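S.K.: Protein sequence lines, in the order shown, are assigned to chains A and B.
Residue numbering for the first sequence follows our numbering, starting at 14 and increasing by one per position.
Residue numbering for the second sequence follows our numbering, starting at 12 and increasing by one per position.
Just so you know, not all the hints are guaranteed correct.
[Said to hold, decoys possible] So the derived label-pair ranges between C-beta atoms look like this:
{"#": "1", "chain 1": "A", "residue 1": "K131", "chain 2": "B", "residue 2": "E38", "range": "35 to 45 angstroms"}
{"#": "2", "chain 1": "B", "residue 1": "L343", "chain 2": "A", "residue 2": "R32", "range": "52 to 62 angstroms"}
{"#": "3", "chain 1": "B", "residue 1": "L343", "chain 2": "A", "residue 2": "F38", "range": "40 to 50 angstroms"}
{"#": "4", "chain 1": "B", "residue 1": "L343", "chain 2": "A", "residue 2": "E146", "range": "50 to 60 angstroms"}
{"#": "5", "chain 1": "A", "residue 1": "K149", "chain 2": "B", "residue 2": "G336", "range": "46 to 56 angstroms"}
{"#": "6", "chain 1": "B", "residue 1": "I228", "chain 2": "A", "residue 2": "K149", "range": "24 to 34 angstroms"}
{"#": "7", "chain 1": "B", "residue 1": "V45", "chain 2": "A", "residue 2": "Q90", "range": "50 to 60 angstroms"}
{"#": "8", "chain 1": "A", "residue 1": "F38", "chain 2": "B", "residue 2": "P20", "range": "36 to 46 angstroms"}
In short, the hints are calculated from the structure, not lab data.
Note that this is a predicted model, so its numbers are computed, not measured.
All C-beta atoms in this analysis are idealised placements derived from N, C-alpha and C, irrespective of residue type, glycine included.
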Amino acid sequence: MRERQGSAEVQRTPALSVRALVKRFADVVAVNGLDLEVRQGECFGLLGPNGAGKTTTIEICEGLTIPDEGEVAIGGQRWSHDARALRQRIGIQLQETQLSEKLTVEETVRLFRSFYAKGQDVDRVIGLVQLDEKRKSRVGTLSGGQKQRLALACALIGDPELLFLDEPTTGLDPQSRRQLWELVESLKADGRTIVLTTHYMDEAERLCDRVAIVDHGKVIALGTPRELITSIAAAQVVSFAVTGGETALDAAALEEIGRAVSATHAPRASDGGWELHVAAPHEAVPALLEQLRRRGVELTELRTHSPTLEDVFVTLTGRALRDG
Amino acid sequence: MADTNRPRPAIVELTLVRFREFIREPEAVFWTFVFPLLLAAGLGIAFRNRPPETVRVGVVGTSPAARQTAEALRASKGLIVESFDADSSAQRALQTGTVALVVARGEAGNAEYSFDPSRPDARSARSLVDETLQRSAGRVDPIAVKEQTVQARGSRYIDFLIPGLLGLNIMGSSVWSIAFSIVTARNKKLLKRLVATPMPRSQYLLSFLTSRLVFLIAEVAVLIGFGHWVFDVPVRGSIGTLALVCLIAALAFSSIGLLVSSRATTVEGASGITNLVMMPMWIFSGVFFSSSNFPAAFQPVIRALPLTATVDALRAAMLQGAGLGALGGELLVLGVWLVVAFSVALKIFRWR
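For reference, chain B alone in the conformation it holds in the complex (with noise of 0.2 angstroms):
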């Protein structure tokens, strides 16, 4: 230390405490440095060498129809046959959920299917069990297929997941870290002895802010370096556009970390409200399937979602090579959220 009777800035002092804080406690450094990539290492495995999907289908009855059926649909890759004697026990195993539809041959060599539409896997039954059972039956295809199957770097899951985690773990640690230590800090009552001090409050909040982005640099680098390393996941776009999202993302859910814990008394209450908070974004901003699945009335409300906004943003620079002028939209939605969450938690914040 050259000078250590010379006061550092106030601010300086603030955010090497919140480091201090944080490093101090070993649990919170496990949850944001070891638990995204426990996360990502388990996804990664489970989905990376994926076989093509089976499904698993009954035949009911014992006829020679049914018999000859069950063998040709046996001969089909992706299904799995099981015989039933009794209609019974095979509408048993349709309603818990073992097979996805049942083939029961009518006597005038019609054929019945039962099945529940609402089921993806029950659908994809369907089709391949008909098509199964027509071509068997002598149906010949009017138009000549080729098929093509592709496994290419960047459109696996694991590389549509590593984004998303990226951006699940900003949010996360942000939002978490915040509230967690300003309601400790409040209940403790140090939040009062500090407005008891000349410390200006807005930079006691911005600390939370710049203390973030020392622990976000270290995290987006462990978590796009496991994926890159272990997973071969590309980084397509440049560092300084990823870095970018990176930043205005993280002081976007810091911001809101600020607002969600700007006004409770309790952790118990805080963590009420950070999950109210973050729950939906779990869902719809397609951290682990893409958010287009969701009906087109809620795509307004899910685009606006900074996680949303985040993961897109990340995907898009990670993935497909985008650069600043493509994110425009992203970074707009990240953009109002940390404007707006930090001007409300300094107006309602409670300081004692």
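This is chain A alone, in the form it adopts within the complex (with noise of 0.2 angstroms):
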């Protein structure tokens, strides 16, 4: 297990801190200004929709993409002096990295332990990531869920005090993503910083101490999973749909309807139907009800749900996460 700094001093340093990030590609501003700071042991979450920054910024946080403008500094170091140093102290996932289809599972890992100076023991790595049985076997011959763990043993190698994971359970199947949770959670109980991006409000919610929503190359919402919710002041959220689809209620109609439930706004098109935010359910639902019975339209569907990051991003974009 690796000892960790304890003075006063090195907790006070940002494990990681962006400035005023910009990043433009040929016709598209990828990053937009963006900052952040994440904190010495804490598992800080990048969240947003595909195409919104997340892998640009990572990438340049972990030295593979220069920045046009802004600064990067891992534990006081940056990359324009410290790049040897810096390779040594993290650890890196990649969103998408084909390893060598022909070597063994313990070949690669013993191949990445190779380029570090100080590292974990291979064994040990292999057994952490629940590939001892798969020690012997071709990566050409293991399931995603396998080459996902892998990937993270290979991040894990050189015993990084900061670990970049871009993406990690996407297109896995459940069984996969929760078995990289709880990997992700030793890692974290390990006393590791870890810097994920994912497009997932439920790993996010799961795995995560602060999440940034990231929207546009820009932060627009920063805090713990449960500030982040809290934030957008609903106790519940209310979906429902009605015969005839979005266009049975017009905009005035769906207007009134926000005021006499006390949603927070008026219902915004969800699905096919509409979604409210109320602070008590037991007061909207009835109200709700009676609004829909005196306009003679029939309801098709009621649900009411506990609000997710997903409701913050809604709230803050007007989109869905999964619309891109």
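Both chains come to you apart, so use the hints to assemble them.
M.R.: This is the structure we're talking about:
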């Protein structure tokens, strides 16, 4: 187990700090003045839809992409001066890496171990990512989840203090996702600092101590998942649909319904129906039903759920995460 | 394994990876080891007991003079004679290449040869036909000539061919295997993942050179051994000289392999560049026939090609028993290619 430096001095230095980052590609501004500060030992999430600039941001932090403007410091060191030292201190999982299919799991991890001056024991790391039984298997024969865990092993083998995981569970089946989550949780318990990107709100809610919601290359909200969810001031989200679909109610009717149920704002279209954020669902639901009855519209669907980061994103941007 | 927990140096691990990736790809093993042997065997058998060359000629006409001419030519060992009644059918045979030359006898006893002088076999047919006709008409050569034919070990076509194939194989396996694995790694973002580690980049490139050397020993031994046991191709120079030539050639071609794959992102793109680089050398570098057949103006360029230098040095070492001192020029050419190609590759290499 790695030793953690305990002095207050070190604790105050942010594990990662990003200032006014800008990165333009030919025709798009991928990152547009982004600031971040990741504390030592926390799991920090960059949450946003595809194309929000998460991967560009994380690759700039990893020293793989050079920003047009702005600064990145990892534990006080910068890529322009301390690239060699920084490479030894961080572990990286890229969004899409296909490791050599002809090598076995053990050969792959051993290869990555040889790059680091100090690192973890190969057998221990293979055990940690639960690939003991696959040690002698070729990478080409592994399942998606196993490949992802191998990629994590390669990220961990140098015993990094800061770990970057870019969409670690994208494309995995639910069981593999949960397995990977447990792994990330055990790494957090180890005291490592983790920065991960995801477009899954449940992943961010479960794993991250703090989340930055990223959209169009900027941080549009920052806080713990709980803080972010409370910020939209809704105890419950009520979603409903009626016969006739989205055309059955006009804007004026919707506004009136919103007022009648004391929603924080007018109903928002969502999946062929509408969503309302309400503070007191036990009063709002009967009021909603009464409104619909008076208008002669028949309810086909009614659900309520506790607000999630998804609802935070929708509230901030007017779009759903998966719409991109 | 003694202590599996102590990590080996990166260059060792990287070389091992190269080695494993190669031997786990059965097709690559075939193209590197089996294909050159098949090629050598095929060409060796084709040219081994070559009978004296014969050439097919036509005689046109039904006159007694034409019949006599055909008979006289048939007596010559080097000629196969076909008689044509009509001039038109004889001309057609000439145009389609069925015969190399057509003889027509005039009424005054004169003869007319029709042939294409740009065809080597037509030229040799002309001199053979003319000589036979003149002699049968009574010409006596003023100089007495005695012929002695030679088929010595070391001067046969197979002796010429084996060093050529060896050079060709060193080039092909070095350039191809490197270009293929680098471009695949780039395409699959594996290169990007590797440069995200503290791996020294030059060691990654160097591992391709070091792993080539392991295969080189096998490749060279297989082909030279095959030539020696099957066709009795001699190795007259020292093994050390031969080994050094192979080594420097392999390093030079590996550097060229790094260079051709330094930018390409797809295997298709890389194979285009690879063919562009290797094709001229297949033709000009004297693998299958002597490069001195090309015009003198081309020679300085042909001499500067790495495959020409390799093949010339291998032939000198194997067939003439040349020592290192005699190979300075060729080794210098290879050395320059090695240094320049590796430095440029390292500079322009696309790591992601």
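S.K.: At the C-beta level, are K131/A and E38/B separated by a distance inside 35 to 45 angstroms?
M.R.: Given range 35 to 45 angstroms: holds, Cβ gap about 40 angstroms.
S.K.: Is 46 to 56 angstroms a correct range for the gap between the Cβ atoms of K149/A and G336/B?
M.R.: holds, 52 angstroms
S.K.: At the C-beta level, are I228/B and K149/A separated by a distance inside 24 to 34 angstroms?
M.R.: holds, 28 angstroms
S.K.: Tell me if the beta carbons of F38/A and P20/B are separated by a distance inside 36 to 46 angstroms.
M.R.: 38 angstroms Cβ-Cβ, so the 36 to 46 angstroms window holds.
S.K.: Hint says 50 to 60 angstroms; check whether the CB-CB distance for V45/B and Q90/A agrees.
M.R.: holds, 53 angstroms
S.K.: Per the hint of 40 to 50 angstroms, is the separation of the Cβ atoms of L343/B and F38/A within bounds?
M.R.: Holds, since L343/B and F38/A (Cβ atoms, about 46 angstroms apart) stay within the stated range.
S.K.: Take the C-beta atom of L343/B and the C-beta atom of R32/A, compute their distance, and say whether it sits inside 52 to 62 angstroms.
M.R.: holds, 54 angstroms
S.K.: Against the range 50 to 60 angstroms, how does the distance between the Cβ atoms of L343/B and E146/A compare: consistent or not?
M.R.: Holds, since L343/B and E146/A (Cβ atoms, about 56 angstroms apart) stay within the stated range.
This entry satisfies every hint, going by the numbered hints stated previously.
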